[in-house]
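Chain by chain, the residues:
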Amino acid sequence: MRRWIWLSVVAAFAIAYPLLLSSPFQQRLGALVVLYAIAASAWNIVGGYAGQVSVGHVVFFGCGAYAAMGAYAKFGLSPLFGIPGGIVLAVGLAAIVGVPTLRLSGHYFSMATIAVAETMRLIVTNTEWLGAAVGLSGPTVPRNIFDLSFLSALPYYYLFLAILAITLAITWWMTNSRMGFYLRAIKDSERAARSLGAPASRTKLYAYMLSAALTSVAGALYAMMFGFVDPESGLGILISVKILIMAALGGAGLLFGPLVGAAILVPLEEISNSWLGGKGAGLTFVVYGAIIVLIARFQPGGLLSLLMRRGKPKTDTSKTDTSKTDTEASHAP
Amino acid sequence: MLLEARGITKAFGSFKAVDDASVTLEQGDILGLIGPNGAGKSTFFNCLTGDLKTTSGRVLFEGADITDVAPEQRAGLGLARTFQVPQTFEGMTVLENVMIGAFLRTPHRKEAETRARAVLERVGMIRLADAPARSLGTPGRKRLEIARALATEPKVLLLDEAMAGLNAHEVRLAIDLVRDIHRSGITLVIVEHIMEVIMSLASRVMVFHQGKEIARGSPREVTSNPAVIAAYLGTRAAKAAAGHTPVELMGGPDL
Numbered sequence: 001m002r003r004w005i006w007l008s009v010v011a012a013f014a015i016a017y018p019l020l021l022s023s024p025f026q027q028r029l030g031a032l033v034v035l036y037a038i039a040a041s042a043w044n045i046v047g048g049y050a051g052q053v054s055v056g057h058v059v060f061f062g063c064g065a066y067a068a069m070g071a072y073a074k075f076g077l078s079p080l081f082g083i084p085g086g087i088v089l090a091v092g093l094a095a096i097v098g099v100p101t102l103r104l105s106g107h108y109f110s111m112a113t114i115a116v117a118e119t120m121r122l123i124v125t126n127t128e129w130l131g132a133a134v135g136l137s138g139p140t141v142p143r144n145i146f147d148l149s150f151l152s153a154l155p156y157y158y159l160f161l162a163i164l165a166i167t168l169a170i171t172w173w174m175t176n177s178r179m180g181f182y183l184r185a186i187k188d189s190e191r192a193a194r195s196l197g198a199p200a201s202r203t204k205l206y207a208y209m210l211s212a213a214l215t216s217v218a219g220a221l222y223a224m225m226f227g228f229v230d231p232e233s234g235l236g237i238l239i240s241v242k243i244l245i246m247a248a249l250g251g252a253g254l255l256f257g258p259l260v261g262a263a264i265l266v267p268l269e270e271i272s273n274s275w276l277g278g279k280g281a282g283l284t285f286v287v288y289g290a291i292i293v294l295i296a297r298f299q300p301g302g303l304l305s306l307l308m309r310r311g312k313p314k315t316d317t318s319k320t321d322t323s324k325t326d327t328e329a330s331h332a333p
Numbered sequence: 001m002l003l004e005a006r007g008i009t010k011a012f013g014s015f016k017a018v019d020d021a022s023v024t025l026e027q028g029d030i031l032g033l034i035g036p037n038g039a040g041k042s043t044f045f046n047c048l049t050g051d052l053k054t055t056s057g058r059v060l061f062e063g064a065d066i067t068d069v070a071p072e073q074r075a076g077l078g079l080a081r082t083f084q085v086p087q088t089f090e091g092m093t094v095l096e097n098v099m100i101g102a103f104l105r106t107p108h109r110k111e112a113e114t115r116a117r118a119v120l121e122r123v124g125m126i127r128l129a130d131a132p133a134r135s136l137g138t139p140g141r142k143r144l145e146i147a148r149a150l151a152t153e154p155k156v157l158l159l160d161e162a163m164a165g166l167n168a169h170e171v172r173l174a175i176d177l178v179r180d181i182h183r184s185g186i187t188l189v190i191v192e193h194i195m196e197v198i199m200s201l202a203s204r205v206m207v208f209h210q211g212k213e214i215a216r217g218s219p220r221e222v223t224s225n226p227a228v229i230a231a232y233l234g235t236r237a238a239k240a241a242a243g244h245t246p247v248e249l250m251g252g253p254d255l
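First to last, the sequence lines map onto chains A and B. For the first sequence, our numbering assigns the number 1 to the initial residue and increments by one for each residue that follows. For the second sequence, our numbering assigns the number 1 to the initial residue and increments by one for each residue that follows.
Take these hints with a grain of salt, some might be off.
[To be verified] BS3-like cross-link-like pairs, simulated, lysine-lysine; straight-line CA separation at most 27 Å:
no.: 1; chain 1: B; residue 1: Lys110; chain 2: B; residue 2: Lys53
no.: 2; chain 1: B; residue 1: Lys110; chain 2: B; residue 2: Lys212
no.: 3; chain 1: A; residue 1: Lys187; chain 2: B; residue 2: Lys212
no.: 4; chain 1: B; residue 1: Lys110; chain 2: B; residue 2: Lys155
no.: 5; chain 1: A; residue 1: Lys187; chain 2: B; residue 2: Lys110
no.: 6; chain 1: B; residue 1: Lys16; chain 2: B; residue 2: Lys212
Simulated from the structure, these hints should not be mistaken for laboratory data.
When you get a sec, could you build the whole thing from the sequences and use the hints?
Structural data, given as structure tokens:
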């Protein structure tokens, strides 16, 4: 019950936010928070629930961003039409990359994903058709509503919010399905999960593909809002790192964890950038580094799990005895 | 024939952990695998479950060759196992742990939950259903392993030292549970160190020593077999012990 109250309060705030805080900076900030929340939630499916820490997720982000801009720049279509193409690209790539790499555990998987992302960035940087280092641009002047090119951040904010709601709904549905249960089991002990009939490789691959599809949508939305994509903004490894840290800070493997992380880190970055100007851009990453250290040292479950633990009464730690009495009771003559 | 292993050999480099072991399992059997530490019984066990690939030899289940079948597919066929060191899903509740097993036979969450609750009821852990699995101690974890495996509705259940680390009282409760499982029509393979368990449960016993099968037969037969006593206690001790019953020497059944 309390959960639903919290949920409605957060949802109401999210809907009212750009009307309450209506300066262009605040609206743009809001749109960015929601956008990164989408990306981090998508990452959460494979990084949080499946425990496969992908550091190369930007490659799927790039699929979406390039597909959206490519639809306009190459075919004169609305960037909107690039979204399905981006999803297909991302899912296909996830299947190709996932089959060999998802067998790798822990850091090895992370490193393989970095390698894939960096390779892709270099390929795109050297491909004239994709604009090479300059990148691709979207429509400068909107031809019609479907170009989704707005001066104000307000329409983007609500568009992103709708997509975030869909992303969270998909994640929620997944966690309550057999697939979600299997993912959590595989994360804890792949060997045991398999012994109980969970097809580990297939389940992880599906999660990876689902995550890739949603990440590509985030990439497409990002490119639409900024009106262009280049190898750095669409395929730079730092975007992956940002997404990962947001999910980990908020709480990886929790539905609303990535949301909390994005709501903290995006404003932090934007505000520090606007205060310190170009010189301060690096400072954000110093902060990110510090956050990585703090998460690793103190709160592997993320901030949200800390809150949830405080909200609940302390769990009884003397369960061993209970188990004994329980088994005794059931076997008493 | 429910489960059959033909000439299983498992080599790690040049070391043969299991050397040409064969076994047949009929419906309703309780087969005990015993032997000193490092005898190869766990390796053999893992070849049956598919956790290890055999170097040579074949495994058959209900007449079909399953040598190259993955563990998750073996589970689907009706082969379930527990782990010597409990592989509890720490991030889940007790009920959710068992639901993972139940999901094998139903894709629906509600149905899986109903079945998992029935299994927890059966093994006497229903009151712990909503407790986090990480709060369980060794006896609870061992029992949870069995509950999870039962939820997959197996034909054969393989228990890998399901009673190691339990005290005498808990061992007796666990024996009762295994008997109850057997009565429900499930065929069992048990790897066990505790002789009391083997003596009171197994219908047939296979003894491993240095990767080879050195004896098989009823529990009484194998424990009075000189080769078995020598394997456990060494040849000199075996001679010295000639006047005692082997069961006493191996720590049973007065446990």
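Outcome of the hint check:
no., hint, in the structure
1, B:Lys110 / B:Lys53, "36 Å, violated"
2, B:Lys110 / B:Lys212, "47 Å, violated"
3, A:Lys187 / B:Lys212, "36 Å, violated"
4, B:Lys110 / B:Lys155, "24 Å, holds"
5, A:Lys187 / B:Lys110, "22 Å, holds"
6, B:Lys16 / B:Lys212, "9 Å, holds"
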